[in-house]
Amino acid sequence: MPLLAILIFTSNLDIIYIVLIMQSVDSLKAIWALIILKRKKWVKNLTETKHITEFDNKVKKIKINVKEM
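Quick note, the sequence shown lines up with residues -10 to 58 if you use the working numbering.
Read the hints as simulated data drawn from the structure, not as lab findings.
Quick reminder that beta carbons are idealized off the backbone N, C-alpha and C, glycines included.
Careful: at least some of the hints might be erroneous.
Unchecked claim - Listed below are the simulated DSSO-like cross-link pairs for lysine-lysine, each with C-alpha atoms no more than 30 Å apart in a straight line: (1) K50 x K29; (2) K47 x K29; (3) K18 x K30; (4) K56 x K33; (5) K56 x K30; (6) K18 x K33; (7) K33 x K47; (8) K29 x K18; (9) K49 x K30; (10) K49 x K29; (11) K33 x K49; (12) K50 x K33.
Stated by the list, open to error - Restraint-style ranges between C-beta atoms, simulated for each label pair: (13) L26 x V48: 43 to 53 Å; (14) M11 x F44: 45 to 55 Å; (15) V32 x V55: 29 to 39 Å; (16) K47 x A22: 34 to 44 Å; (17) T36 x V14: 30 to 40 Å.
Using the sequences plus the hints, can you model the full thing?
See the structure below:
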């Protein structure tokens, strides 16, 4: 963890304060991760592109029309 190394080597803080700072940073990261998880912004399908999806939808419509005939 770069922040931990920076705090240890460049500050004169007691270890208690360094641990508290690190715990606070981890808590903020956890809150941020929960927000992203709830929004589902982390989900990105890399196997399909928009063009392929639109093409698949057109093919499905054609198949449905053929079945109805």
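To see whether the hints hold, each was checked on the structure:
no. : hint                  : in the structure
1   : K50 x K29             : holds, 29 Å
2   : K47 x K29             : holds, 27 Å
3   : K18 x K30             : holds, 15 Å
4   : K56 x K33             : violated, 33 Å
5   : K56 x K30             : violated, 37 Å
6   : K18 x K33             : holds, 21 Å
7   : K33 x K47             : holds, 22 Å
8   : K29 x K18             : holds, 16 Å
9   : K49 x K30             : holds, 28 Å
10  : K49 x K29             : holds, 27 Å
11  : K33 x K49             : holds, 23 Å
12  : K50 x K33             : holds, 25 Å
13  : L26 x V48: 43 to 53 Å : violated, 33 Å
14  : M11 x F44: 45 to 55 Å : holds, 50 Å
15  : V32 x V55: 29 to 39 Å : holds, 33 Å
16  : K47 x A22: 34 to 44 Å : holds, 38 Å
17  : T36 x V14: 30 to 40 Å : holds, 34 Å
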